[in-house]
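Full structure from sequences and hints, please.
Sequence lines, in order, name chains E, C, H and V.
The first sequence begins at 1 in my numbering and counts up by one.
The second sequence begins at 1 in my numbering and counts up by one.
The third sequence begins at 1 in my numbering and counts up by one.
The fourth sequence begins at 1 in my numbering and counts up by one.
Source of the hints: derived by calculation from the structure; they are not laboratory data.
Computed from a prediction, not measured in an experiment: that's the story for all the values here.
Fair warning: there could be bad hints in the mix.
[Said to hold, decoys possible] Distance ranges between label pairs, derived from CB positions: (1) C/Gln9 x V/Ala325: 48 to 58 angstroms; (2) E/Val77 x C/Pro160: 14 to 24 angstroms; (3) H/Gly221 x E/Ser103: 23 to 33 angstroms; (4) E/Ser103 x H/Ser222: 53 to 63 angstroms; (5) C/Gln217 x H/Ser19: 40 to 50 angstroms; (6) E/Leu87 x C/Ala246: 42 to 52 angstroms.
[To be verified] Here are some of the chain C residues that sit facing chain V, going by a computed Cβ distance under 8 angstroms: (7) Asp116; (8) Arg144; (9) Gly180; (10) Val206; (11) Val207.
Think of the CB as a built atom: it goes at the ideal place given N, C-alpha and C, for glycine as much as any other residue.
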Amino acid sequence: MRRRIPLIITFIIGVVLITGYFVTRGPFNTLYESFSDYFAIITVFAFILGGGSLLKIHLKRVSSRATDWPYSMVTLVAFLVTLVIGLFKVGNPGGMGGEILASGSWLRFMFDGVYNPLSATMFSLLAFFVASASYRAFRARTKEATILLSAALVILLGRTPVGAWLTAWMPESLAFLELPNLANWIMAWPNTAGQRAIMIGIALGVIATSLRIILGIERNYLGRGE
Amino acid sequence: MRIPDTILQIDRRIIFLLIGAAVCIPLLLKPRFQDSPTPIVQSIFDTVERLPAGSRVFLSFDYGPDTAPELDPMAKALVRHTMTRGHEVSFFTLFPEGVGQIKKITDNLLPVEFPDKAYGRDYVNLGYKAGLGGAINTMVVNFRTLVNADAEGTPLDDLPITADVDEMVDYVIILSLTAGDPGLKEWIQFAGDIAGIPVMGGGTAVVAPELYPYYPQQLVGLMGGLKGASEYESALVDRYPAYRNATMEATMRMGPQVVTHVLIVLLVLLGNLAYFLGRSGPGNRAGRTGQGNRAG
Amino acid sequence: MDVTLMLWIDAALTLMILSFLYRDNPFYKFAEHLFVGVSAAYLMAVGFWDHLVPNLLGKLFPSLMSGVVPGAVGRSPDYYYLIPAIFGLLLLTRLIDRWAWLSRWALAFIVGGAAGFNLPRFLDSDFIIQVQSTMIPLVVLDASGNLLWGASFSHVVLVLGVICGLVYFFFSVEHKGVLGHVSRAGIWVLMVTFGAAFGYTVMARISLLTGRMEALGAWLGSIF
Amino acid sequence: MHHLPTTRILCGVPHLSRLLCAVCVFAAVSSQRAVLAFAALFSLPRAVLASSAVSTLPRAVLAFAALFSLLQADPVLAQAGAESGWFNTDRTQALVLGIILTGAILLYVVLASAGRPLFIRKIAGLETVEEAVGRATEMGKPILYVPGLNDMDEVQTIASMNLLGHLATIIAGYDSRLHVPVRKSLVMSVARETVQQSYLTAGRPDAYQEDDIHYVSDAQFAYAAAVDGIIVREKPAACFYLGGFYAESLILAETGNSIGAIQIAGTARPPQLPFFVAACDYTLIGEELFAASAYLSKEPRMLGSLKGQDAGKGIAIVFILAGSALATLESITGSETVREVSEIVLWLFR
Numbered sequence: 001m002r003r004r005i006p007l008i009i010t011f012i013i014g015v016v017l018i019t020g021y022f023v024t025r026g027p028f029n030t031l032y033e034s035f036s037d038y039f040a041i042i043t044v045f046a047f048i049l050g051g052g053s054l055l056k057i058h059l060k061r062v063s064s065r066a067t068d069w070p071y072s073m074v075t076l077v078a079f080l081v082t083l084v085i086g087l088f089k090v091g092n093p094g095g096m097g098g099e100i101l102a103s104g105s106w107l108r109f110m111f112d113g114v115y116n117p118l119s120a121t122m123f124s125l126l127a128f129f130v131a132s133a134s135y136r137a138f139r140a141r142t143k144e145a146t147i148l149l150s151a152a153l154v155i156l157l158g159r160t161p162v163g164a165w166l167t168a169w170m171p172e173s174l175a176f177l178e179l180p181n182l183a184n185w186i187m188a189w190p191n192t193a194g195q196r197a198i199m200i201g202i203a204l205g206v207i208a209t210s211l212r213i214i215l216g217i218e219r220n221y222l223g224r225g226e
Numbered sequence: 001m002r003i004p005d006t007i008l009q010i011d012r013r014i015i016f017l018l019i020g021a022a023v024c025i026p027l028l029l030k031p032r033f034q035d036s037p038t039p040i041v042q043s044i045f046d047t048v049e050r051l052p053a054g055s056r057v058f059l060s061f062d063y064g065p066d067t068a069p070e071l072d073p074m075a076k077a078l079v080r081h082t083m084t085r086g087h088e089v090s091f092f093t094l095f096p097e098g099v100g101q102i103k104k105i106t107d108n109l110l111p112v113e114f115p116d117k118a119y120g121r122d123y124v125n126l127g128y129k130a131g132l133g134g135a136i137n138t139m140v141v142n143f144r145t146l147v148n149a150d151a152e153g154t155p156l157d158d159l160p161i162t163a164d165v166d167e168m169v170d171y172v173i174i175l176s177l178t179a180g181d182p183g184l185k186e187w188i189q190f191a192g193d194i195a196g197i198p199v200m201g202g203g204t205a206v207v208a209p210e211l212y213p214y215y216p217q218q219l220v221g222l223m224g225g226l227k228g229a230s231e232y233e234s235a236l237v238d239r240y241p242a243y244r245n246a247t248m249e250a251t252m253r254m255g256p257q258v259v260t261h262v263l264i265v266l267l268v269l270l271g272n273l274a275y276f277l278g279r280s281g282p283g284n285r286a287g288r289t290g291q292g293n294r295a296g
Numbered sequence: 001m002d003v004t005l006m007l008w009i010d011a012a013l014t015l016m017i018l019s020f021l022y023r024d025n026p027f028y029k030f031a032e033h034l035f036v037g038v039s040a041a042y043l044m045a046v047g048f049w050d051h052l053v054p055n056l057l058g059k060l061f062p063s064l065m066s067g068v069v070p071g072a073v074g075r076s077p078d079y080y081y082l083i084p085a086i087f088g089l090l091l092l093t094r095l096i097d098r099w100a101w102l103s104r105w106a107l108a109f110i111v112g113g114a115a116g117f118n119l120p121r122f123l124d125s126d127f128i129i130q131v132q133s134t135m136i137p138l139v140v141l142d143a144s145g146n147l148l149w150g151a152s153f154s155h156v157v158l159v160l161g162v163i164c165g166l167v168y169f170f171f172s173v174e175h176k177g178v179l180g181h182v183s184r185a186g187i188w189v190l191m192v193t194f195g196a197a198f199g200y201t202v203m204a205r206i207s208l209l210t211g212r213m214e215a216l217g218a219w220l221g222s223i224f
Numbered sequence: 001m002h003h004l005p006t007t008r009i010l011c012g013v014p015h016l017s018r019l020l021c022a023v024c025v026f027a028a029v030s031s032q033r034a035v036l037a038f039a040a041l042f043s044l045p046r047a048v049l050a051s052s053a054v055s056t057l058p059r060a061v062l063a064f065a066a067l068f069s070l071l072q073a074d075p076v077l078a079q080a081g082a083e084s085g086w087f088n089t090d091r092t093q094a095l096v097l098g099i100i101l102t103g104a105i106l107l108y109v110v111l112a113s114a115g116r117p118l119f120i121r122k123i124a125g126l127e128t129v130e131e132a133v134g135r136a137t138e139m140g141k142p143i144l145y146v147p148g149l150n151d152m153d154e155v156q157t158i159a160s161m162n163l164l165g166h167l168a169t170i171i172a173g174y175d176s177r178l179h180v181p182v183r184k185s186l187v188m189s190v191a192r193e194t195v196q197q198s199y200l201t202a203g204r205p206d207a208y209q210e211d212d213i214h215y216v217s218d219a220q221f222a223y224a225a226a227v228d229g230i231i232v233r234e235k236p237a238a239c240f241y242l243g244g245f246y247a248e249s250l251i252l253a254e255t256g257n258s259i260g261a262i263q264i265a266g267t268a269r270p271p272q273l274p275f276f277v278a279a280c281d282y283t284l285i286g287e288e289l290f291a292a293s294a295y296l297s298k299e300p301r302m303l304g305s306l307k308g309q310d311a312g313k314g315i316a317i318v319f320i321l322a323g324s325a326l327a328t329l330e331s332i333t334g335s336e337t338v339r340e341v342s343e344i345v346l347w348l349f350r
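Here's what the structure looks like:
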């Protein structure tokens, strides 16, 4: 009972949604088109579990004075303050009916002043990591690594005016070998070939995995034993 | 320790420092590198250029502030181009943060550069719609169920620009500026492939390679990253020399790009040189530096 | 909000995160923990107001929500939305030990839904259309019937590249003999793809850093 | 109703020839010989297929496909279907191909559960899982598992959860700590359910620590910042990044590399593959992520579905070759007949 019903639910909803893709009317289609909505709603319910987990972990660290517990205080305070501001629209010029991110609202300040710079800076760390990763990984150790390295170098140079300048001496008949042209050619043809092979493979993986899930062959997510 | 080994085991913080310098110095010195458009960018420009004046264009800002440095220049170039050509543009976004990106255009760029263009007549802001790819699907099936008012809540029927828009197919082209999911891929899947509206636009350099397979059948053209943006800017300047003196952001920001790209290439070459020297000499330590790439 | 104050907060947080490049330190730890707290609550609040209120409460109790949800006035309730409400509540049974097994029903709904929603979508856009786009002539002629060497070569590369790449993904056959060679070529195609995509992406990453440095520049400019 | 250009072209092909062809296809696939040819193509033993129970399945699938092409070919019927408006005629091909692909997968699942031994090639990253877990135990360091950024509505996250289940069973056998920070509350719920069951199955319910699977933040980079913090402070011996990843992939993988952890990654998000390939020890590329669960479980039905996936790739390759050959012929000869033939042969890929 505890195991069979979830499997039946999975089967029914899976089949109904697939049908909804092909059938344009009736409940099937409604369900297919609303699934994203439903999912987003269930996600909000799940926030209670996520938020609970976050509070529990950091409260535990604070109460047991674990290493770095003062930082857990930072998380707790930041979380609770922002949550109150957000849920009750504190400082929102439009009151409870106002747009959640109305300019001038406190939540807007949290977004523009705190969230945004932190997010953008974390993201920008990639500029450094891209350099260190390429320095380490792009070594001609094996044939495969050499191919990887050569393609990367051609694109790196071809994507800047320097590439054009480096190969400008080439005769007209060899224009296709100029770095910017070569870079575009690699992107448009071999890159597309690889991307396509990967995409077709992934599509098949998704189809087979979905099918295994709908048929109950893959049921790890429900726990395996009884 | 031998020199090749020192080079191979260089502290990555030194690389970080070099990258920081390679970005900051050109930002201060402001060198300007001009570029010529490649076919994949030119085809967007040509499409916009060839549309009869007054065509309805749908421009979706599917990005937030974190990718704005790359995509804002494209947005500005596209808005300048469509406005100069006299098209009627509807702004839209599938990203909640996209609202702010649209505002930057409608509040700062349009009133200054196109004072004669009026809101509701020449352009409109349809705002943000949740639902990711599903939202596109809904719009294609029944446009008005999802979009019945602009971002301020004014009913579409009350705005001259949208009064006649009943279906997604009333737009002649869809332009999307893409930072991830949802974006051009979803516009292609749900609008381009299904409703047959030509889809084109720009993507960050990260999403662009994934979009290449759709070109040219499902995707008319693609601006990839800052380089794509700077190519569009130069196409715009070539056709409309009046823009020569406008701030061409992408062209300006190519400075740090050129220097860092060259730096990374030099680093990779140096690393390989050291690797081969280290391998040929005594005390072979090749292959022990870092963790090998064993994928595939 | 005061512009100068915003500039200072922006710059301070930026520098705290950048300090991680040197090593883990108290400034980074502070920024990290602040970020986690603020962002988790921020997205929960946005999720509540953007999804739960308009899409659930607004659909089930339109008259009650008319003050908060624009357009809800006069709409009749949409009872399909009881489905996510029920499964959402079932999910919360995890909090009560005795009833926790009921939460599996909600998980089953979501997982089954994900499978049913994605299967046809990937079939259509990533399988059918990608295969279709690869059915191209291997010989390209211009209008007067002359062979275009470059274009033909590109087409051959694309078709063979896709096929070799696909062969690499064959799981149920041993990759030896002819198949081994083809699969090896498939790896090379993938390596070109990865190298190219990596090189292509560097630009985006540098752009992000440029954006941050410009923000720091604005802050420095406000001081001097 | 908007038809795609190719559908419109198809409608221009003479009615009779299409009908005739569809009938031929129908007759061909219904014959036993065609089924056996199909069997030879995918190396199925003839004896197995000859048994009526199994041979009816592919025949039924192909017959069904032909029937649909017949229906689609007849403008009167197609028109009737479109007017009643229940079936989305733009998606006929997807339906037929879907039936063929799922049919192929099901066929091999049935064959495999009937006891037919199935071969599966080596998948590099998965060979080392056990070794990585052992190393972590020896060093007394934890194992980090990052299930990606996507929520449970993505199939690759479900695949990741299945892998987490297998991994947890292995880890339960050793005495190491499994740390799973997650970005989505739902994923946390599923991960807890999965890992708890794995520990239970392995006979170590006492070793399960609920708080080691915890929610961090829904924000992409807050999550990345926190996981980076975990990596530099706990110094895990092994890091697994399996699931849907975005830009944070390289932030995590480079930080993991800097502390010298063994790193095994896998994603079905193509844009992030290059970064994992550059910064991790092993990378499961796209479809390999979905195959991993079958590989680790070695369960016959799962392996059977892998073989079905291979049949799908076989179909893709055959059609790409046929399509390119016909297109080449058409481009050289410019013949109208070739065009008509290719329209019919390639109908499945509209």
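Quiz prompt | Violating hint indices (sorted, rising) | solution = 2, 4, 7 and 8
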